[in-house]
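Q: The listed protein sequences correspond, in order, to chains D and B.
Following our numbering, the numbering of the first sequence begins with 1 at its first residue and continues without gaps.
Following our numbering, the numbering of the second sequence begins with 1 at its first residue and continues without gaps.
There is no bait here: all hints are sound.
Distance condition first, Cα-Cα at most 27 Å in a straight line; then the derived DSS-like pairs of lysine-lysine:
id, chain 1, residue 1, chain 2, residue 2
1, D, 516, B, 8
2, D, 753, D, 725
3, B, 8, D, 507
4, B, 10, D, 507
5, D, 451, B, 10
6, D, 414, D, 627
7, B, 10, D, 516
8, D, 446, B, 10
9, B, 81, D, 516
10, D, 451, B, 8
11, D, 381, D, 366
Everything labelled a hint here was simulated from the structure, so no lab data went into it.
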Amino acid sequence: MLNEKRCVITGLGLVCAIGHDTDECFESAVNGRSGIADAVSFDTSGCYSHKGAEVDLTDEELTGGKKYDRTTALGIKAAGEAIKDAGLDMDSEAASEIGVLLGSCIAGAACVEKYYNDKHDGKEGSVEDLKSMPATVIAGNVADYYNAGGITANIVNACAAGTLSVALAIDMIRGGKGDIFLAGGCDSFSSLAYSGFHALRALAPSDCSPFNHSDGITLGEGAGVLVVESYEHAVARGAKIYCDVLGSGVSSDAYHITAPRPDGEGQMSVITRAVRNSGLEFTDIGYVNAHGTGTAKNDESEFLSLKTLFENNKELYVSSTKSMTGHCLGAAGAIEAVLTVKALTEGKLPPTTGYSDEDLEVLKEKAGDIRFIAGKPVEKKIKYAMSNSFAFGGNNASIVFANDPNVLNLSCPKQDLYVTGIGIVNGEFDEEKGDYTVNLDADVFKSYGIKSAFLRKLDRLSQLQLLSGLKALEDSGITVGPDNEGVIGICIGTNDGPMTEIANFQKGIIRDGIEKGSAFAFPNTVYNAAGGYLSIATGIKGYNVTIANGFQSGLQSVCCAAGAIMFGYESIMLASGTDECTEIDDEIYRDLGLTGEGKMTLGEGSVTCVIEKDSSAAGRGAKRYAKIAGFSSARDTSGDRSDIFRLSEASLTKAVMNVLEEGGLKPSDVSCIYGFGNGSAELDGFEREVYKKIFGDDIRIKLVKKDHGEARAASSSLQFAMLAKDISDGKEENGIAVSFGTSALYSAILLTKA
Amino acid sequence: MNNEIAEKIKGMLVERLRIPAEELEYDSELFGEDIGLDSIDSIEIIVGIENLFGVDLSGSGATREDFRSIETLTAFVEAHKED
Numbered sequence: 001m002l003n004e005k006r007c008v009i010t011g012l013g014l015v016c017a018i019g020h021d022t023d024e025c026f027e028s029a030v031n032g033r034s035g036i037a038d039a040v041s042f043d044t045s046g047c048y049s050h051k052g053a054e055v056d057l058t059d060e061e062l063t064g065g066k067k068y069d070r071t072t073a074l075g076i077k078a079a080g081e082a083i084k085d086a087g088l089d090m091d092s093e094a095a096s097e098i099g100v101l102l103g104s105c106i107a108g109a110a111c112v113e114k115y116y117n118d119k120h121d122g123k124e125g126s127v128e129d130l131k132s133m134p135a136t137v138i139a140g141n142v143a144d145y146y147n148a149g150g151i152t153a154n155i156v157n158a159c160a161a162g163t164l165s166v167a168l169a170i171d172m173i174r175g176g177k178g179d180i181f182l183a184g185g186c187d188s189f190s191s192l193a194y195s196g197f198h199a200l201r202a203l204a205p206s207d208c209s210p211f212n213h214s215d216g217i218t219l220g221e222g223a224g225v226l227v228v229e230s231y232e233h234a235v236a237r238g239a240k241i242y243c244d245v246l247g248s249g250v251s252s253d254a255y256h257i258t259a260p261r262p263d264g265e266g267q268m269s270v271i272t273r274a275v276r277n278s279g280l281e282f283t284d285i286g287y288v289n290a291h292g293t294g295t296a297k298n299d300e301s302e303f304l305s306l307k308t309l310f311e312n313n314k315e316l317y318v319s320s321t322k323s324m325t326g327h328c329l330g331a332a333g334a335i336e337a338v339l340t341v342k343a344l345t346e347g348k349l350p351p352t353t354g355y356s357d358e359d360l361e362v363l364k365e366k367a368g369d370i371r372f373i374a375g376k377p378v379e380k381k382i383k384y385a386m387s388n389s390f391a392f393g394g395n396n397a398s399i400v401f402a403n404d405p406n407v408l409n410l411s412c413p414k415q416d417l418y419v420t421g422i423g424i425v426n427g428e429f430d431e432e433k434g435d436y437t438v439n440l441d442a443d444v445f446k447s448y449g450i451k452s453a454f455l456r457k458l459d460r461l462s463q464l465q466l467l468s469g470l471k472a473l474e475d476s477g478i479t480v481g482p483d484n485e486g487v488i489g490i491c492i493g494t495n496d497g498p499m500t501e502i503a504n505f506q507k508g509i510i511r512d513g514i515e516k517g518s519a520f521a522f523p524n525t526v527y528n529a530a531g532g533y534l535s536i537a538t539g540i541k542g543y544n545v546t547i548a549n550g551f552q553s554g555l556q557s558v559c560c561a562a563g564a565i566m567f568g569y570e571s572i573m574l575a576s577g578t579d580e581c582t583e584i585d586d587e588i589y590r591d592l593g594l595t596g597e598g599k600m601t602l603g604e605g606s607v608t609c610v611i612e613k614d615s616s617a618a619g620r621g622a623k624r625y626a627k628i629a630g631f632s633s634a635r636d637t638s639g640d641r642s643d644i645f646r647l648s649e650a651s652l653t654k655a656v657m658n659v660l661e662e663g664g665l666k667p668s669d670v671s672c673i674y675g676f677g678n679g680s681a682e683l684d685g686f687e688r689e690v691y692k693k694i695f696g697d698d699i700r701i702k703l704v705k706k707d708h709g710e711a712r713a714a715s716s717s718l719q720f721a722m723l724a725k726d727i728s729d730g731k732e733e734n735g736i737a738v739s740f741g742t743s744a745l746y747s748a749i750l751l752t753k754a
Numbered sequence: 001m002n003n004e005i006a007e008k009i010k011g012m013l014v015e016r017l018r019i020p021a022e023e024l025e026y027d028s029e030l031f032g033e034d035i036g037l038d039s040i041d042s043i044e045i046i047v048g049i050e051n052l053f054g055v056d057l058s059g060s061g062a063t064r065e066d067f068r069s070i071e072t073l074t075a076f077v078e079a080h081k082e083d
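Only chain B is shown next, with the shape it has when bound in the complex (with noise of 0.2 Å):
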């Protein structure tokens, strides 16, 4: 997994989000339990993904298992980045 990708999807969730970056684990579940995201939110990280790495995930195909956690999140933005 590429850690500073990983990083700035943290950051942008913490900031946007306003989720608490000391509950907040590479692999906890976004849309679970853990953090009880719901779709306001993943619009907002749809806009932040967007802004952060130009990757469009609406346009690019992502599925809700892309949006499990920062570390699928992650995958699917190493995959579509253009450099």
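Chain D on its own, in the form it takes in the complex (with noise of 0.2 Å):
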């Protein structure tokens, strides 16, 4: 019973509007010390609100001097706090086995500003900015900065990305993935995220009033970081433990990419799916962390959803800090899962600010039998806690904290997962561009039944993530419906996400002024906006989540999609890799060096793989092409942790060491490789050094991006799904698929015959 396995949390980090530390934080949410007022970062004067929650520390004053992007330094001032808190050696060997989760909504986006602004000035953008921009970069840079050795990942699901972080750290460690992550999430103050919630006329005239005037929301910045362990690891280092972390949810909503569902679906489904998985029932929730922003749409959504669930609950307090850090978007869910942890173990419920007495009469109507805590804070010993976040693209999530440890009742025996349907959506060599594009006919999207009102919205990632998805349901014979809309998820895995939507919103913003932000384009500057859009058009409304974590990162996403149907509900998850390839991406590339004579050709993509756990498979006689034998990534710190694209044989074999140990293989049971050579002569050459090493001269090496470049996160997914198919066609006996990301991180998945 895998998911017996405690996981507890034992070291807090958190940095944001209302204090520099944890206790600092604590102590002002408590006392309803609010952190909003005049925004300073830039000029807001020609906006309609000038509201910010900004934290007054300098870039370097968070990293101890050391440069990077915003969103990263705000991680690694609150990993630091964590770190020291929970008593960890960073020198010690140790350190090699911490992994770091982060989540992030708008990533580098100061870096973004910035290279941009030098380019409209006719400067040359500097090429550290343009390293730091992808939300790719930071839980390594992270890991990096500290020397955690572990494996890393970026959970992008945009407000919901911190809460993702913490349920993605307990799945990793429930799956024998590792014993200790960094979990959390960071997001600065940006013109970008300004710019685009204004445009929306979703921020707050005045300072934000949740569950109250509910006149919009007011942004902030910060990052939350907490040690998840296992409670075997947490003991035998004699560590300690504040609280366990029971089970999460994650839910979508399949309705809308910005506004929740009106009748709280989706809401309700991700906050019975937490309850359930820790093995609780309504009633013993003693304080919900809402998600709480302040616009009409989430308060009345959400206010429903609560009152609806915890009819029978009398004893409920609930409260929304962001009334006073502000709405922190990718830290969001990190920052209020920490004021959770601190408010369970305290037993000191911090309120929601902003009401006067007038407001109070109103709130008892509205609140009904939930004990709303609003000016004053509550003390009150309670035994079980969650905290919860909803997203842009329909994406929930939800975590549960306990004061003691409940015997969780869950039985998940472990199934065998197959691979049982293929999407592939390729590009081919353009002379004119240089480069591998895909032709996206609309009237391919029509014969899946996409209108076109549905489609004009989707910038051109998400219209590859649409077609990969839609043509792997129809390979597998899934029809997307009532009795099984809720047991499908989806994981994405991307290196630069909707960097073309992201760089072209921010010009805008540069020409025209951060008042004049497009609100039609502003939505699909997330990161998870793809995901978002296939549960829209297919009805998916499982789990979901989109990391970007390098070129791997296709890889990992069938890692994550595993996590998700061992211990959550899902039978069946979509799992892809997508990155695309315009001329915002071919700009980048160039400037970094990495493409030209001798480098890697840029190519673009989608490929969506199902991955179904036998008794579903079984139970619709599914076809099935390959068998997951084994599941891993790993990294490491040797060399010049300063060097993102540093390459490591010792983490490379790991990850394939690994697999080989899972499926019980050994390197000379191995048909074959599929690669991630891409034509640049020093990475073509270590990967096939390494592979000599472990498996000998006669190992054959397969490479699909010498057809279809560099696609990325695509060319991941494509290797994992065409050696899926050569197994499935008898071609291959077995075989291995690897790529990697940055930071010296490799992943590596072993497929056998079904």
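Combine both chains into one complex, guided by the hints.
A: This is the structure:
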């Protein structure tokens, strides 16, 4: 019973507008001290709102003088406190097993702004800014900063990212993929997000007022990091334990790219999943740290969800700490998780601020039986607390913390996982552009019943993703409907995400002013838009996560999908890798010096594989391409940690050896490797040498990028899909798909005959 | 109907909202089955019209009916445009 593996919180780190560390933030929160003030990071004079919840520390103050993008710098600050609080010695051998899972929504927005400002002014953009722009580098940078050598991942599901990273940490620990993780989220205050929410008319004219005036959000910045650890590991090293983290839930609205479902169905689904996953009843929960953004749509649907589900719980306390911290987007869930752990362990529940006596009267009616905390904190010993996050794309996530270790009564016997569907969208060489491009034909979407009114909203990345998802579902013979919509989930891997949309939106702001951002374009600047559209178009209402973690993201999406099936409610997961190749991408990779003669040629595409558990596949008589016999990610901190593109023989070898061990195979049993070689002499030579050492001179290495270019996450997914096809066609007995990320991260998946 | 204004509005809708030009007639129902626009698109239309003609749809009391089609938007702009 894998789910009986206890996970505990052993360290906390926090920085946001209400304090520089956890204690200061919690004291502010309990005392109702808001961090919202007039925004100073950029000029908001043309906007109808001027408020922000900013951190009064410079980037250098956050990192001790080292230069990083502000989002990463905030993550470094919070991670440092969590490490110290947990008593971890980062110079010891034990540091090599500490993983880092961080959520972010806007990623390197400060560097995006600086880079395109420089270009606008006719200057050459800085390569360092370019490297820091994508979300893909954040967790690796934080891990490298502290010499943490475990697995990394960036969870980029907008405002649910911080909560999802904690949920993923639990799945990883329970799945035996690590014993200790720094999990959380970070996001900086940015002109991009400010302009976008301003365009959507979603910013509150004054300080946000969740569940009260509900006239919009106030953006904030910050980071929260929790040390999530297996109980055995914590006890063995004599760690102080704050509380258990019992379980989690993840769901999709399948409704709208920015607005929550008014009937609260997706929110109620995720809360129910988290309560059940924790082995609890609704009456057990003592406190909910609400998503509580302050928009009318959120507050109405969230109140409805809470009142409906917790109807029989007369002792449920609820508050929104965003009234003080502002909405910190990808950091929000992590910041609120830290505050929830403190509230639970200290018995002090922070209030929602900004209520007048008159407001409190109105609140009584709105809240009904819910004990909504407004104005003043509540001192109350509780056993179980929950933190909820609901994001753009209709992504919902919820986690549950416990003061005592509940006896988990869930049984999830390990089942074999199979590849039961494949959808491939590949690029072809374009002589004029000099790269591999996909011809996206509107008629193909029409043949799947996608209307042009829907399709026009999707950026290129989302269209690529949608097409491979539809093809995979078709190939697997799955029709999504009321019977299965809740047990199908989505996990998308990407390296660059919607960088084209981000760059174009930022260029627009620079040209026209922050007050002139496009409401139409903004939703597509979030990394999980593609996953959101896929769920809306197909009606998939289960798990939904997007991981941005280097070229190997397409393989890591399979690893994450496996976790969702083993520990969540899903029977079927769509695991994808998607990256686009636009003029913006061409420019970025050229400026980074990674393309050109003797180097890689860019490509684009999307590949989705249907991963399904044995009982589900058997139940519907599914065709099985191959069996997943092992999956592993590995990294280390050897070599020059300041070089995010460094190679590591030790990590690559470890990832490969791990899957062999899991699958019970010897190197000599392996028929082939689907490798990551992309035409870069250094990379290709390195890869060949490492395989020769592991497998001997005769190992066959199959490469996909010579035919379709370096399509990054789409390529790593394609390697996986082609291997599954080869095994299904009888061309191979088995094989391993391998790829690499930044900061010396490698993933490998072993497939065998079904 | 002022064709010049209508054509500019059509161009703006095609560019800002990625509506395929061949599917967009002057009398197409923008928020109905034909084109399927939603509330985010309406915000974008307000900004687009203001940039093109200096007419503030929300401030000048435009109603749902004024957003119905390119024809109705054109009539509203004609009536409120200051030359």
